[in-house]
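Chemist: Residue numbers (the numbering used here): 14 to 343.
Take these hints with a grain of salt, some might be off.
[As the list claims (entries may be wrong)] Using C-beta positions, here's what the derived DEER-type ranges look like:
#1 188 to 140: 31 to 41 Å
#2 294 to 260: 32 to 42 Å
#3 259 to 46: 16 to 26 Å
[Said to hold, decoys possible] Subject to a maximum C-alpha distance of 25 Å in a straight line, what follows is the list of computed BS3-like cross-link-like pairs (lysine-lysine):
#4 190 to 209
#5 190 to 80
#6 244 to 93
#7 90 to 190
#8 316 to 244
#9 90 to 253
#10 253 to 336
#11 244 to 326
#12 337 to 299
#13 143 to 316
#14 244 to 143
#15 266 to 299
#16 336 to 325
#17 80 to 15
#18 299 to 316
#19 190 to 93
#20 15 to 93
Just so you know, these hints were derived from the structure itself, not from any lab. The beta carbon of each residue, even a glycine, is placed where N, CA and C say it ideally should be.
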Amino acid sequence: MKVPLISIIVPVYNVETVLPVCLDSILRQSFQDFELLLVDDGSQDRSGIICDEYARKDERIRVFHQKNGGVSSARNKGLKEAIGEYLVFIDSDDWIQDDFFSVIQPYLGVFDVILFGLDQVTPDGHSIRKFVPPFEMSENDMTKLADILYALFRIDLLGYVIATVVRRDIVVAHSLKFDERFSLHEDSLFFLDCCKYASSFVSLAQTPYKYVYYEKEGRQTLSNTIPANYKEILQLRQRKMTELLSSIEMCEKERHFIEGRLMYNYCRVSLDIALSQNRGRIRAVKDCIEEFADKEIVVCSAKESILHFFVKKRMPHMIFIAKKLLSIVK
Numbered sequence: 014m015k016v017p018l019i020s021i022i023v024p025v026y027n028v029e030t031v032l033p034v035c036l037d038s039i040l041r042q043s044f045q046d047f048e049l050l051l052v053d054d055g056s057q058d059r060s061g062i063i064c065d066e067y068a069r070k071d072e073r074i075r076v077f078h079q080k081n082g083g084v085s086s087a088r089n090k091g092l093k094e095a096i097g098e099y100l101v102f103i104d105s106d107d108w109i110q111d112d113f114f115s116v117i118q119p120y121l122g123v124f125d126v127i128l129f130g131l132d133q134v135t136p137d138g139h140s141i142r143k144f145v146p147p148f149e150m151s152e153n154d155m156t157k158l159a160d161i162l163y164a165l166f167r168i169d170l171l172g173y174v175i176a177t178v179v180r181r182d183i184v185v186a187h188s189l190k191f192d193e194r195f196s197l198h199e200d201s202l203f204f205l206d207c208c209k210y211a212s213s214f215v216s217l218a219q220t221p222y223k224y225v226y227y228e229k230e231g232r233q234t235l236s237n238t239i240p241a242n243y244k245e246i247l248q249l250r251q252r253k254m255t256e257l258l259s260s261i262e263m264c265e266k267e268r269h270f271i272e273g274r275l276m277y278n279y280c281r282v283s284l285d286i287a288l289s290q291n292r293g294r295i296r297a298v299k300d301c302i303e304e305f306a307d308k309e310i311v312v313c314s315a316k317e318s319i320l321h322f323f324v325k326k327r328m329p330h331m332i333f334i335a336k337k338l339l340s341i342v343k
């Protein structure tokens, strides 16, 4: 069996209406040197059947059916079965533009990690927001990894495996996998592990990946809920990032910014959880305020500044108003 240059891992769960869009976007690429691994994570609709139908038409597709274990479990199955030189992760309700592989192909075989931007789109394909790295950078010098991390953090793009291509040897050599205990930020934890062991990176100022945003839609996908152990997850993410930052050269300004953004994200998610509770909402918000009021937080927009102001001033009722009027807690 010929070893493909790329293994594409697609976790699949209850996406029968949009799965063909995802798969067709992959199969119509002019680049052909890949295998496509579809991991059906116990879908209750026709998603698994659709996977099998596509596999019968294209020998590059391999399908695996398993009991529902979550997105991390599905991705880990893909990691176990992959044989390509590089790993690409695509979510089954997203799609890629026609030149996706043409964008990354020049860097395959040269860099351990390839990073690129995301285009957040509506289900009908209209762009909402582009998360674009502010510059193109490639470095074999690990002291410059700090510049890449800093740039990605400034646009809230750091840690998305769907915006990352990773050399599989790194994953195999260090037994890296997604932590199946967690269903929040599990991709960023994996990403940080990859960065820890990679020796070369390239950041591309392009957005070949289309990240589909389903506003207020009830369809359940692999990861659309916030788990009860979210604090443990965010604390682990902060610890892994701190460990990575301590291993590379970084100026104090960049380090402060990244640590402050991590703390902001921790605060935002905590408030989101508190505000979603049916009972004890006020008490939960007050507890969050006490936890984060005196923390060093870095904000990047007017909306974030408003939220941070109300937290610093310990004004829980104003946070409720801000949520309704400005939709700043998402």
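Chemist: If a hint holds in the structure, say so; if it does not, say that too.
Modeler: Cross-check of the supplied hints:
no., hint, verdict
1, 188 to 140: 31 to 41 Å, "holds (38 Å)"
2, 294 to 260: 32 to 42 Å, "holds (41 Å)"
3, 259 to 46: 16 to 26 Å, "violated (38 Å)"
4, 190 to 209, "holds (13 Å)"
5, 190 to 80, "holds (18 Å)"
6, 244 to 93, "violated (29 Å)"
7, 90 to 190, "holds (10 Å)"
8, 316 to 244, "holds (23 Å)"
9, 90 to 253, "holds (24 Å)"
10, 253 to 336, "violated (31 Å)"
11, 244 to 326, "holds (23 Å)"
12, 337 to 299, "holds (18 Å)"
13, 143 to 316, "holds (18 Å)"
14, 244 to 143, "violated (29 Å)"
15, 266 to 299, "violated (31 Å)"
16, 336 to 325, "holds (16 Å)"
17, 80 to 15, "violated (30 Å)"
18, 299 to 316, "holds (20 Å)"
19, 190 to 93, "holds (9 Å)"
20, 15 to 93, "holds (18 Å)"
In summary, the numbered hints that this structure violates are 3, 6, 10, 14, 15 and 17.
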